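Q: Sequence:
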Amino acid sequence: MSYIQQGRLHIDQVLYDFLQQDVFPITDINPAQYWKNFAKIVAELTPMNDALLQKREELQQKIDDWHQHNHFELQPYMAFLKEIGYVVNEPEDFSITTTNVDDEIAKIAGAQLVVPVLNARYSLNAANARWGSLYDALYGFDVISDADGAEKTATYNPVRGQKVIAFAVNFLDKYFTLENASYADIATYSTHQPIVRLKDQTERRIPKCIGYTNDGLILKNNDLHIILQLEQGQIKDVLIEAAITAIQDLEDSVAAVDGEDKVIGYQNWLGLMTGKLSVEFNKAKTKIERTLNDDIVYQTFDGKQKQLHGRSLMLLRNVGHLMTNPAILIDGKEIYEGIMDGLITPLLSKVDILGQNPKPNSRTGSMYIVKPKMHGPEEVAFTVQLFKASEQLNGLPSKSIKLGIMDEERRTSVNLKACIAQAKDRTIFINTGFMDRTGDEIHTSMQAGCVVRKNEIKQQVWFDAYEKRNVAIGLQCGLGGKAQIGKGMWAKPDLLLEMYQTKMEHPQAGASCAWVPSPSGAVIHALHYHQTYVGDVQKTIKAVPALSELLTPPLASHTDWTSEEIQQELDNNCQGVLGYVVRWVDLGIGCSKVPDIHGVGLMEDRATLRISSQHIANWLKYGVISVEQLDETLKRMQGIVEQQNQLKMSDIAFNAAKALIIDGDKQPSGYTEPVLHAARRTIKECITS
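For the sequence shown, position 114 matches number 114 in the numbering used here, and the numbering has no gaps at all.
Hint data in this document are derived by calculation from the structure and do not stem from the laboratory. Be careful, since some hints might not be right.
Pairs of lysine-lysine, DSBU-like flavour, derived with a Cα cap of 30 Å [as the list claims (entries may be wrong)]: (1) K658 x K648; (2) K539 x K458; (3) K220 x K208; (4) K399 x K276; (5) K458 x K648; (6) K333 x K304; (7) K304 x K388; (8) K55 x K304; (9) K482 x K220; (10) K107 x K276; (11) K539 x K482; (12) K306 x K208; (13) K359 x K333; (14) K276 x K359; (15) K388 x K107; (16) K468 x K458; (17) K236 x K333; (18) K208 x K107; (19) K82 x K107; (20) K333 x K648.
Estimated spans, in silico, between C-beta atoms of each pair [stated by the list, open to error]: (21) N282 x G233: 35 to 41 Å; (22) N214 x T99: 26 to 32 Å; (23) Q68 x Q501: 31 to 37 Å; (24) K283 x E334: 37 to 43 Å; (25) P25 x E179: 55 to 61 Å.
Given the structure is predicted, the values throughout are model-derived calculations rather than measurements. Glycine residues also receive a C-beta, built at the ideal position from the N, C-alpha and C atoms.
Generate coordinates for the entire structure from the input sequences, incorporating the hints supplied.
A: The structure is reproduced here in structure tokens:
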């Protein structure tokens, strides 16, 4: 890489040029002063970041030592965790005081789409996924059965189309119920009135109808809108307000290992925050240009003109505290990537924060940063300090940078109330992330014993406590009506029927958002929020599950699984590890639909890799499997993965996958990033040389 020196800093030429040419001129920033202040902040925060990571290691070592010298018993274990400061004293009751929060986060419950911000087309798709066609989502996926001649065919299948319409009619009948009639009974709609004429020539008024556009009627239920698109007096389509919010991701779903990679993500985020992002691509031999959607203008029935936001409200997930990146060096050393993101991404958002974006994201002058992989309240406090410094560096209003706390590490789950307290005037989001949280659970308790089979982990007592405590503590801290309480990803993007049948559990649990992997998934999941009004559910939640339940690790009561069961578990895990690593290392793809051992496409990112690698490492440690068995399985699964991807896996990628397992108990918190980043950089060096 080529670097530009600015005082103590060396900045990757690509990053330097991007900021110099595209960012500083539109943000009234003096470059020389910026880099001087940037270096000062990095120099001040780096030792703090070092100390936080050192504390992680020291606590883990103490826990390992305790397990090695004690048979696990819950009460002595809990007393020990409190003694070493792993469990902190719970703060007095409080309520968050975050201000200037957009309604999409504070008040509206709905689906949340997550996409890699390094892919401009995906970023735009996510931004525009605020509205989606119910007809398209139903017709294209398995929510509608193929039975009785309703298969998806190369051309339009009217039998399948009628099933789609019947589903939509049933939805409208449930939540926008006509008096003594069904939407199937309607003969004609009026474009500018909520009055319909039935086939028997009588008239009905559509309930919850709040206005109209030139070609449709707007209905509202549970704070969510739908638009009945009309053509010649008939419904042409049903537009669903789907992805209320979208997380543009710089972390788990991207493979960004240097300045070149980082700039791609930064450029796309800048385009979203200035309203100028566009992308051209070919579809069915036609060139298409995709840009950000406009807002939707409509008329109320008393003659007022109003708008519906045309785009998802976007949050940006920064990198956590662990990794460094060679995009910027200070005194010859890579700086922490989380510090770099925290200082640069708010600068990229300045146009939007100050209300100068013609297609605004926030209408309240806020930027929403989701921060992953924080361990406990001290690390949250450090993030708050970083945000304060960033506001001063970038000339932003105080507390304009808001914080989403990802509850995906064990020490954060255990001390969630204390974590929120450290950012009570910035918190806008907490969520549960099962995969990362499970990876940390296994790693933290690695010395305690052998864990259960992977598909049994969700039946363990800690998991139920984790999911319920997250919501209950969030409500206890006043997040209801002020901030999002979220649930994790649906990982099977092609199996939307199963999602439709199960993911209603998230709003029913009091979660105001839950992650989906695609715009069509957002449309289907949005239906659950018409079914359940989350605000009412939250009023019923009082009890917080006991900390003892959360601290009960998922240890196996026996290990006498059959050889077939053990091999099946190992095959599944190894195939998943290799299938993900080959794309991350060899192709630089951070998140994609990876076929599992049965060929089912699963959305996988580093969190799924973390749990699989930690699980195998645990079984290897306790002799459930042998090194020889692991080697044989990895080599056999390599053949399957190469066939699935039609790609020869490099030795670098294969060795990285094996290292994640063999050295799994030595990786910091069981993270996969250090191994993956090193391997990907080696591949990039080979390509350029």
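Q: Hint by hint, which ones does this structure get wrong, listed from lowest number up?
A: 5, 6, 7, 8, 13, 17, 19, 20, 22 and 23
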